[in-house]
Amino acid sequence: MSAMVSSAAATLTAGLTSTGEASTGEAILFWVLAPIMVVASLGLLFARKAVHAAMSVITVMITLAFLYVAQDAPFLGVVQVVVYTGAIMMLFLFVLMLVGVDASDSLVETIKGQRWIALLGGLGLLVVLGGVVVTATFPPARGLDATTYPAAGLDSTGQPSNPQGLAAIVFGSYAFALEVVGALLVTAALGALVLTHRERLIPKRDQKTRVKDRVRALASGGTLTPLAAPGVYARHNAMDVPALGPDGQPVEASVNRVLKVRGQEADADLYAARIDRVLAGGWADEDLPAAAPVDAIEAAETDCDPDPTSEEADR
Amino acid sequence: MSLMNYLLLSAVLFSVGATTVLVRRNAIIAFMGIEMMLNATNLALVTFARINGNLHGQVLAFFVMVVAAAEVVVGLAIIVAIYRTRRSASVDDVNLLKDVRDPA
Numbered sequence: 015m016s017a018m019v020s021s022a023a024a025t026l027t028a029g030l031t032s033t034g035e036a037s038t039g040e041a042i043l044f045w046v047l048a049p050i051m052v053v054a055s056l057g058l059l060f061a062r063k064a065v066h067a068a069m070s071v072i073t074v075m076i077t078l079a080f081l082y083v084a085q086d087a088p089f090l091g092v093v094q095v096v097v098y099t100g101a102i103m104m105l106f107l108f109v110l111m112l113v114g115v116d117a118s119d120s121l122v123e124t125i126k127g128q129r130w131i132a133l134l135g136g137l138g139l140l141v142v143l144g145g146v147v148v149t150a151t152f153p154p155a156r157g158l159d160a161t162t163y164p165a166a167g168l169d170s171t172g173q174p175s176n177p178q179g180l181a182a183i184v185f186g187s188y189a190f191a192l193e194v195v196g197a198l199l200v201t202a203a204l205g206a207l208v209l210t211h212r213e214r215l216i217p218k219r220d221q222k223t224r225v226k227d228r229v230r231a232l233a234s235g236g237t238l239t240p241l242a243a244p245g246v247y248a249r250h251n252a253m254d255v256p257a258l259g260p261d262g263q264p265v266e267a268s269v270n271r272v273l274k275v276r277g278q279e280a281d282a283d284l285y286a287a288r289i290d291r292v293l294a295g296g297w298a299d300e301d302l303p304a305a306a307p308v309d310a311i312e313a314a315e316t317d318c319d320p321d322p323t324s325e326e327a328d329r
Numbered sequence: 003m004s005l006m007n008y009l010l011l012s013a014v015l016f017s018v019g020a021t022t023v024l025v026r027r028n029a030i031i032a033f034m035g036i037e038m039m040l041n042a043t044n045l046a047l048v049t050f051a052r053i054n055g056n057l058h059g060q061v062l063a064f065f066v067m068v069v070a071a072a073e074v075v076v077g078l079a080i081i082v083a084i085y086r087t088r089r090s091a092s093v094d095d096v097n098l099l100k101d102v103r104d105p106a
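Chains A and B, in that order, give the protein sequences.
When we follow this note's numbering, the leftmost residue of the first sequence carries the number 15, and every step to the right adds one.
When we follow this note's numbering, the leftmost residue of the second sequence carries the number 3, and every step to the right adds one.
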């Protein structure tokens with residue numbers, strides 16, 4: 015990958031005109047991506063659901079990676095996608111799923127008028143920052159090319175290589191900062207471990223204790239084996255039909271108790287009676303409402319469709 | 003196109019991120035606002051590196067990314083820990099230090 019990145023750097027550098035302006039292609043890229051970024055960032059501000067906000071932030075970060083590559087920072091562009099979009103935002107989504115996606119924002123203001131004050135403050139910040147950028151005078155942009163790269167940042171052909179140039183500086187004048195950042199990362203990992211650690215208050219239920227509990231529950235009507243699965247009739251394998259025991263009687267416990275609470279289970283006696291009828295040589299469907307005569311169904315269809323022949327012609 | 007446009011875009015993103023932190027009550031969304039502010043700063047740093055013609059701005063942006071990763075790990079762990087004890091991810095519900103006595 016580093017070879018790919020460095021070749022991209024070689025082709026992307028010197029993208030500035032002599033007056034320090036960006037090229038037309040870069041301008042087009044910017045004016046396509048900038049509105050997307052602004053709209054997506056507003057999505058973070060206004061999205062009602064947290065997952066939608068996370069998606070907007072991911073959009074902003076990926077488009078930022080494009081801008082980094084366009085600005086002669088291909089290494090940062092790759093790091094932006096890998097670290098920010100790939101690791102940090104996925105961590106955010108992970109925590110969102112952990113905390114509950116439907117944990118929506120409360121609209122109650124604990125401080126009166128806080129929302130409008132905050133929006134006004136954000137607008138003021140924008141005016142101040144934008145004013146500083148517009149009024150400040152910068153020297154004409156020099157751009158990054160072979161003359162501005164450190165000597166160690168040039169590859170064997172004399173072309174600037176962005177990862178090599180960054181490495182020369184990071185492991186050169188910023189070596190101590192790099193060590194400190196390493197210590198910070200180790201501390202952060204330990205901190206996350208400590209913060210999310212949970213003391214076990216009750217002893218863990220292992221297989222042995224569960225077996226003992228089951229045997230003990232036998233006395234009060236429990237079963238050693240798992241409960242029968244519902245619906246072992248040849249015709250009905252639905253969840254709401256009780257299983258049939260070896261004695262021909264329905265096993266009530268085989269139907270999920272949630273269905274019973276909701277009143278959605280099928281009537282066990284109805285099916286037991288049906289089995290008895292079948293065993294006695296009768297038909298299973300006698301207790302169901304008789305099927306509507308075929309003539310009546312056809313008449314109803316003709317009523318709905320005023321001209322059945324035209325429909326046939328369409329087909 | 004002048005490189006000022008990148009800095010203006012960075013200012014817009016930073017302001018939106020800051021407003022998000024102030025407006026939103028969901029701790030995770032507010033945290034994403036902080037990430038947006040860090041990203042906006044990175045864009046400004048990369049642009050400054052290009053204006054000044056050296057790589058130090060990019061190195062700084064790189065360090066910001068690393069520190070942001072560490073910050074996210076600890077911050078999200080705190081949010082999860084608070085959620086476990088208080089069953090809420092709203093910043094309004096973390097008010098144990100608030101004086102709730104009647105003003106005498």
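Keep in mind that the hints were calculated from the coordinates and are not lab data.
You may find that some hints are simply not true.
[Stated by the list, open to error] Computed beta-carbon distance windows for the label pairs: (1) R228(A) x L99(B): 46 to 56 Å; (2) S37(A) x D95(B): 45 to 55 Å; (3) V148(A) x L99(B): 34 to 44 Å; (4) S234(A) x K100(B): 45 to 55 Å; (5) D95(B) x V148(A): 24 to 34 Å.
[Said to hold, decoys possible] Here are the simulated DSSO-like cross-link-like pairs (lysine-lysine), alpha carbons at most 30 Å apart as the crow flies: (6) K100(B) x K126(A); (7) K126(A) x K226(A); (8) K100(B) x K63(A); (9) K226(A) x K274(A).
[To be verified] Among chain A residues calculated to face chain B with C-beta under 10 Å, some are: (10) E35; (11) L110; (12) G135.
Beta carbons: idealized from backbone N, C-alpha and C, even for Gly.
These are the hints, each one checked on the structure:
1. The supplied range of 46 to 56 Å is met by R228(A) and L99(B), whose beta-carbon atoms lie about 48 Å from each other.
2. For the pair S37(A) and D95(B), the supplied restraint of 45 to 55 Å holds, since their beta-carbon distance comes to about 52 Å.
3. For V148(A) and L99(B), the Cβ-Cβ distance of about 42 Å falls inside the hinted range of 34 to 44 Å, so the restraint holds.
4. Under the hint 45 to 55 Å, the C-beta atoms of S234(A) and K100(B), about 49 Å apart, fit the expected range.
5. Between D95(B) and V148(A), the C-beta spacing of about 41 Å breaks the proposed range 24 to 34 Å.
6. A threshold of 30 Å between alpha carbons decides the hint, and for K100(B) with K126(A) the separation of about 17 Å falls inside it, so the pair holds.
7. Distance hint between K126(A) and K226(A) is unfulfilled; the C-alpha atoms sit about 59 Å from each other, more than 30 Å.
8. The straight-line distance between the Cα atoms of K100(B) and K63(A) is roughly 28 Å, inside the 30 Å bound, and the hint therefore holds.
9. Taking the CA atoms of K226(A) and K274(A), the gap is near 29 Å; set against the 30 Å cutoff, the hint holds.
10. Annotation: E35(A) was flagged as interfacial toward chain B, and the flag holds, the nearest CB pair being 6 Å apart, inside 10 Å.
11. The criterion of a C-beta within 10 Å of any C-beta in chain B is met by L110(A), whose closest approach is roughly 6 Å, and the hint holds.
12. Given the 10 Å rule on beta carbons, the hint for G135(A) holds: about 6 Å separates it from the nearest Cβ of chain B.
Of the hints listed earlier, those the structure fails to meet are numbers 5, 7, in rising order.
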